[in-house]
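Visitor: Letter by letter, the chains look like this.
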Amino acid sequence: MEVLQLLVSGLANGCVYGLIALGFVLIYKATEQVNFAQGDFMMLGAFITLGLTNAHYMGLPFWVAAPLAIAIMAVLGYLLDFFVLRHLFGQSQTAVVILTIALGFVIRFIAGLIWTHEPQTLESPLAIGDINVGGVVLGMADVAVIVVTVLMTFFLYQFFQRTKLGLAMQAASQNQMAAYFMGIPVKRVQGMIWGLSGAVAAVAGILFASKGAIDPNAGLLGIKAFAAAVIGGFGSLPGALMGGLIVGVIEPFASRYFPAGYSQIAPYTLLLFVLVFRPHGLFSQVRTKKV
Amino acid sequence: MRIHFKTSYEHDIRLFPDRWSFLVYALLIVVAVLLPWLIDDFFLGEVTNVLIWAIAGLGLMMLTGQTGQASLGHAAFLALGCYSCIIFMEQGLPFLIAFPAAGILTGIIGTIIAIPAIRLHGIYLAIATMALSILADDIIVLMEPITNGVSGKFAPVINIFGIEIERWGTPDRFYWLVLVVAIICTLIYRNILRSPLGRAFAAVRDSEVSATAMGIHISRTKAISFGISCAITGLAGALMGFFSGIVTNETFSIVISITLLMMIVIGGLGSIHGAFFGAVVVAFLPQFLSLAKETVIGGGVAIPGLETGVFGMILILFILFEPMGIYGRWMKIRIWFELFPFARKDMFKRQKSYLKTERLR
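Chains as they are written, first to last, in this note's numbering: chain A, 1 to 291; chain B, 1 to 361.
It is possible that part of the hints are untrue.
Computed footprint of chain A on chain B, listed as stretches where at least three residues anywhere in the stretch have a Cβ under 8 Å from a Cβ of chain A [what the hints assert, rightly or not]:
1) 111-120
2) 134-147
3) 308-315
4) 324-330
Calculated directly from the structure, the hints in this document are not laboratory data. Every residue gets a Cβ at the ideal spot worked out from N, C-alpha and C, and that includes glycine.
Can you make the complete structure from the sequences, with help from the hints?
Guide: See the structure below:
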């Protein structure tokens with residue numbers, strides 16, 4: 001029973017990692033860029049929702065505030081691409097990496113200025129207590145996290161496989177020049193994907209904030225999500241979710257069964273092993289390109 | 001404008017392109033040596049800090065600027081260099097042996113780590129090194145019998161042939177020590193760039209495919225680059241330990257890794273000057289900000305995250321408007337004056353590039 005309890009709480013945490021990892025993977029899939037600020041996006045989305053919902057600030061009803069926050073984050077993502085990242089068009093990945101790390105610092109600083117560094121809790125209707133299924137205690141927020149994550153992964157996967165826009169995004173990532181010739185507005189597509197990933201980050205943020213208190217440093221969770229994305233395989237949406245679940249499940253088990261000190265290094269050790277033995281992740285679909 | 005009339009092939013790889021630049025650098029070194037008599041102890045400490053950061057920057061520059069491999073984990077190697085130097089000295093080795101040994105050990109371990117890591121390229125290497133940097137913190141705590149864990153280690157007094165060197169007791173001697181290390185590292189760096197190895201680094205950075213075609217062993221070159229980079233970084237780490245006096249597991253956090261990478265980008269990737277310019281920014285920004293804060297909103301108000309926030313902002317502006325960093329801007333201004341009135345804006349225009357990947361799905 002204890003194992004089951006650990007597993008369930010690990011899965012719920014893992015879903016949040018998975019959701020942030022989805023944001024990474026979306027951007028990577030469509031632009032080959034890596035957004036190191038995704039964790040801070042998540043934090044920002046959570047704080048915008050908090051600012052709109054909590055009685056202390058705006059006091060809007062949650063079901064109005066949540067879609068509004070998602071929309072705001074989508075617009076922010078698009079504008080970010082429009083004003084900042086578009087200038088780096090076609091430049092090396094490293095430049096984008098450094099830029100987004102810097103961006104994360106700036107977002108954390110601004111969020112700290114607006115909402116202070118005290119941990120705050122979101123007055124979320126999802127945090128309404130626990131349900132008991134055969135001895136396993138499950139928070140309602142945890143259930144919501146798991147359901148939303150699975151649904152989002154499914155729809156995003158379908159979006160990339162079936163829709164014209166999704167295919168256009170994949171094409172734009174593989175060869176920008178060729179995509180231009182095929183009539184794909186590459187820059188606008190990039191903007192859209194940043195918007196989409198902003199929205200996903202907002203969803204992750206709302207769910208994360210429903211599970212507990214947040215402060216501007218919550219964005220550092222992004223590092224774990226990053227490990228998740230790599231373990232699952234960058235560029236694969238179901239892989240990101242699986243990676244998130246693996247990291248999420250490893251954590252509670254490691255802290256239960258390993259001596260103290262070894263538990264927090266477990267996800268990163270796994271990350272290093274994956275990078276050494278299967279650099280493209282456990283669930284990726286990489287085929288080398290033939291010249 | 002000075003015209004270089006090249007009379008031999010040797011001319012291309014001279015240490016100094018002409019007598020004038022040799023004079024400038026000689027003058028710079030003379031000023032640097034005389035500095036303890038020119039400024040007070042507080043600023044001397046700051047300059048020492050700049051030099052230590054610059055050495056660390058040189059280390060990372062070798063890997064990132066010269067070979068084109070971004071590392072987000074160099075704080076781990078700073079820590080390794082620092083701890084090994086202190087531990088060697090505690091075992092009774094004199095500083096003159098312990099210090100280079102720490103650098104060499106860091107270099108060797110760096111190479112060993114690099115061998116699996118060089119299979120990864122671009123973003124994956126950055127992630128792997130980032131994981132390493134996060135792990136380093138926990139590993140220092142786990143290795144408590146050697147590293148003293150969270151309570152930290154105190155840096156011993158340096159003793160070179162009977163001359164005692166200490167950060168607080170004799171700041172001028174410590175400054176000279178750092179200066180000597182900085183000059184040696186710079187010379188090593190400059191000489192590597194002139195050698196076939198340095199050319200191979202640049203070839204790997206610019207195009208791996210063309211480098212292979214020219215007969216360069218890519219992974220060996222990368223591993224050597226990683227090793228040299230780690231060795232220099234290890235030396236800087238040891239000096240950092242002596243500078244701060246006490247080192248714990250939190251001294252070399254991932255934030256240091258990130259700061260180091262940002263520093264060389266602000267300074268200008270791929271140039272020795274860049275490491276020094278970037279170090280000046282990193283070392284003086286906190287002082288400058290606290291000064292600015294006092295004059296604008298009065299002292300006593302703490303704004304958490306201000307430093308990193310402003311640092312991030314500066315970095316974004318640099319990447320957007322001056323990707324070549326401070327050194328790039330400096331070169332442009334210099335060339336503008338040298339060519340006056342023939343300098344044109346388009347001379348520095350970047351070529352448009354498009355992204356192509358090896359990934360299919």
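Visitor: List, from low to high, the hint numbers that the structure doesn't satisfy.
Guide: As far as the earlier hints go, only 4 is violated by this structure.
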